[in-house]
Amino acid sequence: MSSDNAASTPYLIRGATLPDGTRTDLVLADGRIAEIGSGLSRAGASVVDAAGLIALPGLVDLHTHLREPGGEQSETILSGSQAAAVGGFTSVFAMANTSPVQDTAGVVDQVLALGEQAGYVTVQPIGAVTVGLAGERLAELGAMATSRARVRVFSDDGFCVSDPLLMRRALEYVKAFDGVVAQHSQEPRLTEKAQMNEGALSSELGMVGWPAVAEESIIARDVLLAEHVGSRLHVCHVSTAGSVDVIRWAKARGIQVTAEATPHHLMLTEDLVVGYDARFKVNPPLRRREDVEALRAGLADGTIDIVATDHAPHPIEAKDCEWDAAANGMVGLESALSVVHASVIDTGLLDWNDIARVLSSTPARIGRLAGQGQGLLVGGPAELTLYDPAASRVFGRGSLAGKSANSPYLEMTLPGRVQATFHRGYATVLDGALRPAAEIAAQGVRTHG
Amino acid sequence: MRHLLSTKGMSRDEAILLLDIAEDMADVANREVKKLPTLRGKTVVNLFFEDSTRTRISFEAAAKRLSADVINFSAKGSSVSKGESLKDTAQTLAAMGADGVVIRHPASGAPHVLAESGWIDAGIINAGDGTHEHPTQALLDAFTIRRRLHRGAARGKGLDGVTVTIVGDVLHSRVARSNLWLLTTLGAHVTFIAPPTLLPMDMSGWPAEAGFDLDAAIDAGPDVVMMLRIQQERMNAAFFPNSREYSRRWGLDDERFGRLAPTTIVMHPGPMNRGLEISSAAADSAGSTVREQVANGVSVRMAALYLLLSGDREDS
Amino acid sequence: MARIVLNQADITRALTRISHEILESNRGAENLVILGIPTRGVVLARRIAETIARIEPTATDVRVGSLDVTMYRDDLGQTRTRTPTRTQVPGSIDGVTVVLVDDVLYSGRTIRSALDALGDHGRPTIVRLAVLVDRGHRELPIRADFVGKNLPSSTEERINVHLLEVDGDEFVSIDGGAAEDAS
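Chains A, B and C are the protein sequences, given in the same order.
Under this note's numbering, the letters of the first sequence match residues 11 to 459, in that order.
Under this note's numbering, the letters of the second sequence match residues 860 to 1175, in that order.
Under this note's numbering, the letters of the third sequence match residues 218 to 400, in that order.
Simulated from the structure, these hints should not be mistaken for laboratory data.
Note that beta-carbon positions come from the ideal geometry of N, C-alpha and C, so glycine has one too.
Wrong hints could be hidden among the right ones.
[Claimed, not checked] Distance windows between CB atoms, simulated:
| id | chain 1 | residue 1 | chain 2 | residue 2 | range |
| --- | --- | --- | --- | --- | --- |
| 1 | A | 187 | B | 944 | 44 to 54 Å |
| 2 | C | 277 | B | 910 | 31 to 41 Å |
| 3 | C | 308 | B | 1078 | 42 to 52 Å |
| 4 | C | 303 | B | 900 | 20 to 30 Å |
[As the list claims (entries may be wrong)] Chain C side only, calculated, beta carbon under 7 Å to chain B, not exhaustive:
| id | residue |
| --- | --- |
| 5 | 293 |
| 6 | 337 |
| 7 | 381 |
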């Protein structure tokens, strides 16, 4: 075990740039941000030269698929946590579509514990809305809420809770513990056998189209339900301009709705389907340039509250095949910050304060996650990431830290690079490299007691 | 030509070259020995993940007339239905030394994936992929139209100014898509007529007219009317109420056929639903090319196989 | 620089002589089918047929056509895909004398292909070969019956045949190779 990252080692971060542009030193000690200011010194501290680096509060991903239990050939909680740390994340919400499904207190607590053992990030389980994601009966939402995992986000992601009555009940029920239903908005009948965005390109390629209205109609129904029962609704991976309009309207009415956009929907468009490379197959599908622009504008004006990755690892064989047979989904944790950087920072729509909001404080707040997303404050938890915005790299297999390589960005040049990530006061990534699993596991055991 | 995957993107010169070679191939059918030694020693695999006896035997006849060895690989009852992937199948064929693979697959783009994947080095001919393209069908249709219009003097000619009305299930038709690109590249004007439910949702990128009214389209006096096969299962998916209503509004019945000029070419890619999309009188008329299309299919596929497999593969 | 070895008048004289020789060997113009090998062989075949018709007034129906050999070549896998041209065999060739006509006889492989192609059209009694230029370097046991000009050459040299109908001018020239460097 390396001594420079030992249990009690404080860190002195020199010359970092805060999201508001001011340059400062930070001292991390005992899992907290001990000091912020210029010209700091600390006896015995490991010094991190952060000249030119932006210090962001540790990123929080409200939408991650870690695949464990059941899908360990694609990702494990450890490998997914490593992918998250490399991407600058200090917390991920683990989606419920595991096998067995995260629909009982036992499974969510197991996921929580495996996350603690891995130690790279806080792994906060999401609970299924319905038993087995089957869309028939409510899962034991209350038991999951009161378990050690304190589940507050419930989602059948991958499937839409399409039954309006069931959705209404779920929205109502989670009010008992300040929960939120995160809906995968996809009208199932309108998307039978759907392969890609419905439009001119799907018409040409002869692929069954995935109409925007299949997403928008569910969002419209759900916001009205949320209004009617006075509940919180979270809309997963918004992908169409029409969806942004519906959510904007709902927010103007005072409906308690929050929404996320994925990095890939902020950057990539449907024309990538033309080569039938299944890395670009994802649910919801890549849409038109107009939709990308609307999502960016929605993120800029607050209609879209957060960016969430929908990190969805798949084994090679699930993508190395004909399009129809391929699985939906892309890995996204490792690339998220760079893609957001290219999509909304370089285009002048958001600044780094906004990034701290959409990738840290707001997702933590929507998920009611303690110890995350509190910003960079003296006395606050030492959850932060150091990002080099001037860097540029060809994103490759070596840029990925998870088990799966189904990234749409391979061989693309992306801006920026995460140089360091600190979780609970210890470094999970230093000098752009992941710290070893054994070292991090020891830290996890130490800090979780 | 490295592969034949689609007619979209095919140049006019490429298309005319292929059609001209098909003319030479058609001449072979009139000779004493109806066989050429050209592809002796080459192996062509018919890899069919969907049943289509007509298309398969057409390719088989074409390959055999060029002296290639033909292996038929049907997905039915094979390892494919037991979950073997396209990749494993392709690698098996590569190991067997296939020089050309004729693939029919229910997934749009599967031939493209096969061609680009690196799993197999063979020349790939798309024999119909999902609802995407069926390029040899369009080529044989163009060949048939060109021969009808120009007879013995068809070589070198396009289809400039020819009006073609394609009627039926355009949404699910790879024949319609391949014809759209090929016929327009050759200078024809294409009009699609279908129930609104059976037209693609967004045809803005298609260099064609679209409408719902078959009677108006007939009265416009097209040079060619091509009837597409209507799948009975479409009515279960609410694309139209029933076959009687479909036939009444979008079928080429005797009355509509009678209103066409006698020179109008009536086409159908087969197999036909007589009495549904086309009446027997229309199908068996002098203007009908249904049987010619079958014969021409062999010539066109010979031309495609020749262009794909005869040259130095590294060079093409 | 290319060196002209036959000018237009030389070519005409050679074809006239070949026409006479064909008539002599065939003892007239009966049962004669002249098939040119594309592209320039077809032009030469047509001229020979016209010449025969002129010098043998009884020869009213000298049949002439073209025989494309592309699909019968033995080097299809080694070169770029060749574009075939049209084969037009005028009527049945069973029991007739076929004279194959080509511009240059070199390796003999084209003629081998032509003989294979011919066999798929029927069974002539006699097949003969007429060429404008025989440049040697045979790779197969094939020889011409009627030769316009024997032109010993090195394999580095190139023989160019231009004919009015195809090229707009008319000559046979030779260029390239060691012979040129020496001059």
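CB-CB spacing for residue 944(B) and residue 187(A) relative to the 44 to 54 Å hint: holds, 45 Å
Supplied contact hint for residue 381(C), tested at 7 Å Cβ to chain B: violated, 22 Å
Status of the hint placing residue 337(C) at chain B (closest C-beta pair under 7 Å): holds, 4 Å
Per-residue hint verdict: residue 293(C), partner chain B, C-beta under 7 Å: Cβ of residue 293(C) sits 4 Å from chain B, so the hint holds.
42 to 52 Å as the expected CB spacing between residue 1078(B) and residue 308(C), which holds or is violated: holds, 47 Å
Residue 303(C) versus residue 900(B) beta-carbon gap, inside 20 to 30 Å or not: holds, 26 Å
C-beta pair residue 277(C), residue 910(B): status relative to the range 31 to 41 Å that was hinted: 58 Å Cβ-Cβ, so the 31 to 41 Å window is violated.
The earlier numbered hints that this structure contradicts are 2 and 7.
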